[in-house]
Structures are given as structure tokens and as C-alpha cells.
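With the hints as constraints, model all of the structure from the sequences given.
The numbers in the sequence shown follow my numbering, run straight up by one, and end at 578.
Keep in mind that the hints were calculated from the coordinates and are not lab data. It should be emphasised that the depicted structure is a prediction, and the values quoted were computed from it without experimental measurement. Watch out, some of these pointers could steer you wrong.
[Unchecked claim] Computed cross-link-like contacts, EDC-like style, restricted to lysine to aspartate or glutamate with a CA-CA straight-line distance of at most 16 Å:
(1) Lys307 / Asp210
(2) Lys496 / Glu347
(3) Lys229 / Asp210
(4) Lys202 / Asp232
[Said to hold, decoys possible] Label-pair distances were calculated between CB atoms; the ranges are:
(5) Gly465 / Arg205: 22 to 28 Å
(6) Pro328 / Gly262: 36 to 42 Å
(7) Gln442 / Met315: 32 to 38 Å
(8) Leu551 / Glu259: 17 to 23 Å
(9) Asp269 / Asp555: 28 to 34 Å
(10) Pro466 / Pro552: 40 to 46 Å
(11) Pro390 / Gln442: 24 to 30 Å
(12) Gly231 / Pro334: 21 to 27 Å
(13) Gly509 / Asp269: 53 to 59 Å
Heads up, the beta-carbon is just placed ideally off N, CA and C, and yes, glycines get one too.
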Amino acid sequence: MVDAVAIAAVSEMKPARYPDKDGHALYIEVVRQLLAEWHLKPGDIQGLLACPAGMAGGGNADIFVHEQLYEELGIHPLYGDTMNAGGATYGYMVQRAALAIRQGLADSVLCIGAGKFPKVSTGGAEMMARMVSHEAFEFPYGTFIPAIYAQVATRHMHEFGTTAEQFAEVAVSSREWALRNSQAATYGTEPLTVAKVRASRPIATPFHLYDCSIPLEGGAAVLVANASVAKRIARQPAWLLGMGEYHSHRNIHQAADLMDIGCGRAGRMAYERAGLGPGDMQFAQIYDAFSVNPLVFMEELGLCARGKGGAFFASGATRPGGDFPVNTYGGLLSFGHTGDASGLSMIVEGARQVMGIAGDRQLPRADIGVVHSYGGMMSEHSTLILGRQS
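So this is what it looks like as C-alpha cells:
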């Protein structure tokens, strides 16, 4: 039975608009990109986990997408499946891949996602609102996606005195990192300020446009492997030191506590399994569909004091040069939100930092970091602890 498992290779497409590619074509492209970047062959992949593309509007979901990929890419895995838990999908994939490898089912497992997050019509917006809200108790009262997250933000403001300007600081921090990442959708643009965020178009109080992630298209891939394979592929693998998950509600009105929504429980499990604590972490990559997410989840993960997330971001600690970098690739707020594939972006970046291949945004201290992703309306949570030592 194998114990040491690592992320051995990562690849991600630049978030953009790809009108000539459907979700399946994006899958093919990102796998070929990973193979080329890391000088691998289809035979190097013994397992494959894929998400049925289509969740965010990229076409009908295909539960047999993994089988189609086998054919087109010449992969003949010993272990394969599809799974979908929204943005948490890929954190769960890495965890399932690690379990399979530790049980000897495969030496390496490729976790892949591709997504198209197009602009939607009024009818499309209604369909998405119905998908995420309860038909009787939420949808009739205008429960669309930004409004759900706005509830969480408003509750934090009520309980802790957090301000709209402090949420804006999250967006400002993300943009500073994105300006160092040539693959980010906002690379080459102007820096954000709190005033610019607050002056942008109102979306759902307290959110304005720049408090929201950027819907785009793309894909990413992560290869999880045992120690011998990982060391052969990567000079410095990103070792999986701990992992945890938590599954809560389906509808947001069933969440027991909006300030303790599941992230902390997944995090505590990951810390315990790694034999580490929040104080050992040197950076964090956190799923950020809206500016409220990193602020609240930093508190739940124990990375700053409860109720102090707003002050923490306003202090500049999370920005380049700060004491505790967060979302060093720009986050979904400034890198781009690629629908079905978005939950891979923070895993790719966490691995790159630990592997020492993050380019202009490489952190001087990236020995151990935490990666958190979630799915649904903050219903599904995955926490990974990555490090340079196995």
C-alpha cells in the first residue's frame, strides 16, 4: 500500500472566450497541453477523473465524457469515473485519486475539467436561479446567485461590523496578483482601488461588479501520482499532506449557520490528517466566486481571527509582499471563472507555488499551503494541504 502521494504535473488554459470550441473540445485541448508541457504520453496516465461538462451552460452534460476522452486521447486507464459537485469537484477528485493510488489501483490519476460560462439570456438566468434555489421557499423571492452570496456578506456585516469597503479590498488584492499573471483575464489592465470597486455597477447589496468573478471559458488538468512517478515527472512535486471534506445543505436556507458553513470542518480535518495547524500555512488559495468567500473562509480556516477577515484584507497582508498571500494567481475575481473547471484553478496555483514554478508571482516562502474549494451554494467543501516535503 502506497502512502506518499503528490501532484506531479499541472496545466491550465488561459480563461477567455472560445466560440469555436465546445466543452468537449476544451477537454481535449487541455489534456494535450498538459502532455506537451510535461513531456508525457497517454500511457503515463493510469487513471482519469472528469466532470460532465455542461453545468454552467457549455452544453448538455455528458456522463460518459471520460469514455470519449479514452478514445480520442488513446488513454486506457485502470481507474476512471465522472463526478460533479460544483466547484468542489476537483478537490474531491484529488482526494479520490489519492485514495485510489494509496490502494494500489493506479500509479497516476489525471483530474480534468473544462467549462464554458457564457453570457445568458433572461430565460437562461431564470433557469440557473431555479437550479440553485428552492422552488417554494427561495426562488419566488428573487433568490439568484449573487443574492445568495449577498446574504452571507450581509450577515457578516451584521455580526462583525464588516464594511462593503472591506469586501472591496478582497477584489483589490486579487487584481494585484492577476497583474503578475500573464494568463489572467485581467492581466495588462489597470489596478483596482476600493473606490473603483464601489463605483462599479451595483449587483446585489453589498456587491458591485468587481466583487463578482468574471465568467469565461477554459479548462485545467492536475496529475496526481505516487512517489516514484511524481519524482520522475517533477523536480519538486507538490505533496498531498492532508485532505478533508464536508457536505452540508442543498438550499441556502437550510444552512445552520452562515458564518460556519462547512469550510472550517473540512479544514480542521485536513489539518489533523497533516499533523499541522493554521499557523503552519504560508499561503492560501481559496475559491472566490464573490469577494465575500475568501474573507469568510480565511476565518473558518483559522488563518485570521473570527470576525477580523475584513481588517485582515484591508491590512494588505494578502497582497504581493504581504505576510500571508491569498489567491496568488488572481482568483476567480481577476483570473477568470471558467464554469465547470473553476475549482481547478486554485489547485493548479497551489501546486505551482509549492513546486516553485509560479513565475513572476512565485512566493519566497511556499513550503506549505492550504487550498480550499467549494460547490453549490457553499454546500460542498474540500480542503487540501500541499507541501514540499512528503
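Going through the hints against the structure:
1. Lys307 / Asp210: holds (15 Å)
2. Lys496 / Glu347: Given pair Lys496, Glu347 holds - Cα atoms ~11 Å apart, limit 16 Å.
3. Lys229 / Asp210: violated (24 Å)
4. Lys202 / Asp232: The given pair, whose Cα atoms are some 25 Å apart, is violated under the 16 Å limit.
5. Gly465 / Arg205: 22 to 28 Å: violated (42 Å)
6. Pro328 / Gly262: 36 to 42 Å: violated (50 Å)
7. Gln442 / Met315: 32 to 38 Å: violated (22 Å)
8. Leu551 / Glu259: 17 to 23 Å: Roughly 40 Å apart at Cβ, these two residues miss the hinted range, so it is violated.
9. Asp269 / Asp555: 28 to 34 Å: Since the Cβ atoms of Asp269 and Asp555 sit about 32 Å apart, the hinted range of 28 to 34 Å holds.
10. Pro466 / Pro552: 40 to 46 Å: At roughly 20 Å between Cβ atoms, Pro552 and Pro466 fall outside 40 to 46 Å, so the hint is violated.
11. Pro390 / Gln442: 24 to 30 Å: holds (28 Å)
12. Gly231 / Pro334: 21 to 27 Å: Violated, since Gly231 and Pro334 (Cβ atoms, about 45 Å apart) do not stay within the stated range.
13. Gly509 / Asp269: 53 to 59 Å: For Gly509 and Asp269 the Cβ distance comes to about 42 Å; the hint is violated.
Taken one by one, the earlier hints fail for this structure at numbers 3, 4, 5, 6, 7, 8, 10, 12 and 13, listed in ascending order.
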